[in-house]
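When you number the sequence shown by the numbering used here, it's gap-free, plus one each residue, and the end is 1416.
FYI, nobody ran anything at the bench for these hints, they're computed from the structure.
C-beta: ideal position from N, C-alpha, C; glycine also.
A few of these clues could be false.
To be verified - Below 30 angstroms or equal to it, Euclidean Cα-Cα: the simulated DSSO-like pairs (lysine-lysine) are:
1) K1033 to K1334
2) K1313 to K1085
3) K1085 to K1239
4) K1128 to K1019
5) K1197 to K1239
6) K1388 to K1404
7) K1391 to K1376
8) K1391 to K1404
9) K1367 to K1339
10) K1197 to K1381
11) K1210 to K990
12) K1128 to K1085
Said to hold, decoys possible - Label-pair distances were calculated between CB atoms; the ranges are:
13) T1016 to N987: 25 to 31 angstroms
14) E1224 to K1406: 29 to 35 angstroms
15) K1138 to D1022: 50 to 56 angstroms
16) K1128 to V1263: 25 to 31 angstroms
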Amino acid sequence: MNKLKKTLALVATLAIASTAFVACEDDSKPADNSSKPADSSSQTDDSSKADDSSKADEAAVNKFKDDDKTLSILCWTPDDITKMIENFTDTTGKYGDVTVEYVNVGSKGQEAREQYVTYFAGDKDVDLFVLEADWILEYIDNDDYTAPITDLGFKADDFKGNYAYTLATGTNANGVLKGVSWQATPGAYVYRTDLAEQYLGVKSAAEMQEKVKDWDTLLATAKTVKDASNGKCAVVDTLGGLWQVYSYNRTQAWVDSDDKLVVDKYCEDYAKIAKELWDNGYVTKEGQWTDGWNTIGPEGKTLGYFFCTWCLGKGGMLETVSGGMDDKGTPEDSSDDVPKNPDLYGKYDICAGPSFWAWGGSWLAVSPKCNTGSAAHDFVNYFTVDEKSMEEYALFKGEFVNNPTVMKKIVDDKSNKNEMLGGADQFAVLYDSASKIDMDGKITAYDAQIKDAFNKSIESYVKGEKGYGSYDEMITEFKKKAAAIEGITVE
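Using the sequences provided together with the hints, build the complete structure.
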């Protein structure tokens, strides 16, 4: 993507007065964007090895001072960060004499994308902050907002155990690693076992997988469930859920190398299946992230949800649709919590669903203003480098951590049992999906805005709103919305 155009888009979108780009060496950019662990040992020339080694040694110095006693970590939701802090500090919120603090910025990722700018412009404390896949490029390409991860005292190959796609996503246009993720985000179909048996006669996850193994089969199953439930129960939770699964299989980015909008056959295929599901009652009319999304499962209005890994652990969406937990212990200790609805808790199970997919992901970035360097290094190391602590966190929260070696060990050891899934191990289902995650060339700086425009257009189309009566009309309206996004060309 043209860097000047990306800069212009960033200026217009975030109202940034100036953006400085510093030319950096390309030695931290992963050479392979597959989902295999990154391998930093591909150099064969001895002089290159020596040069790379000296650079790595230099990068291993922590360039940030320890002038503060608060490690501030910014995010738009406490779901992950508070659990990470709890695990990192062993529930106390203290790391030695440093307080580790979650700072809320926005209530949704899209809001945080904009509100970070205002926060950074002030004099409030910021050490680490979280970035989302749809808009990560806007921040890692801006040296005023993000510093190289190696400035915390890491070598580039310290992260070689991570899934390579996460490193590629966190690497900026100049080949500098600016963001590292603690998670991989494969998804699956999570369903209520009692409803599956009632409407489909299904008694195991393997049997359920046969009912949703591809899109044609899922549509047929959706009709069966609708008929058996007298129209009360849909197979797909929301259009948002459908979008997460179906959109992952798009092979092209939303803009080409000239920042021109790409409308391909995928757009038409998705519009067709969304319309079929909507018109036939195979998907609920609730929106994702609404209160209704929380209740359609417990109320039996949907057989299941398309959930990814970060929905399945403590404090995630699965816990919510399982009825939630009552706090019977101290606020810092969730080990004594009990289900609010014991009749529903543990009634869900998991299967792969109609296709492999992933949903989003979050990356830790370090602010150039970081003044708690040692604690920031140790926090990043704990969740993205050290395999022992990554395994501990995976089992603590039910998080699919960003290390295939760790995840395979957990699956092979059978050490994870998710009581919300009746004791099943979600990692055993998700592990294969994670190996197939491919974001190569699919992420652009405009994704958040384009996807928002496309989904709003799809919603108007399936509802039959004026001006959206046909697919062609819908695409025309979508292009109008996309044309308003500064930096891209729409034909």
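Taking the hints in turn, this is what the structure says about them:
| no. | hint | result |
| --- | --- | --- |
| 1 | K1033 to K1334 | violated, 34 angstroms |
| 2 | K1313 to K1085 | holds, 15 angstroms |
| 3 | K1085 to K1239 | holds, 28 angstroms |
| 4 | K1128 to K1019 | violated, 46 angstroms |
| 5 | K1197 to K1239 | violated, 36 angstroms |
| 6 | K1388 to K1404 | holds, 19 angstroms |
| 7 | K1391 to K1376 | holds, 21 angstroms |
| 8 | K1391 to K1404 | holds, 16 angstroms |
| 9 | K1367 to K1339 | violated, 34 angstroms |
| 10 | K1197 to K1381 | holds, 15 angstroms |
| 11 | K1210 to K990 | violated, 52 angstroms |
| 12 | K1128 to K1085 | violated, 41 angstroms |
| 13 | T1016 to N987: 25 to 31 angstroms | holds, 26 angstroms |
| 14 | E1224 to K1406: 29 to 35 angstroms | holds, 34 angstroms |
| 15 | K1138 to D1022: 50 to 56 angstroms | holds, 55 angstroms |
| 16 | K1128 to V1263: 25 to 31 angstroms | holds, 27 angstroms |
Checked against the numbered hints listed earlier, the structure breaks hints 1, 4, 5, 9, 11 and 12; every other hint is satisfied.
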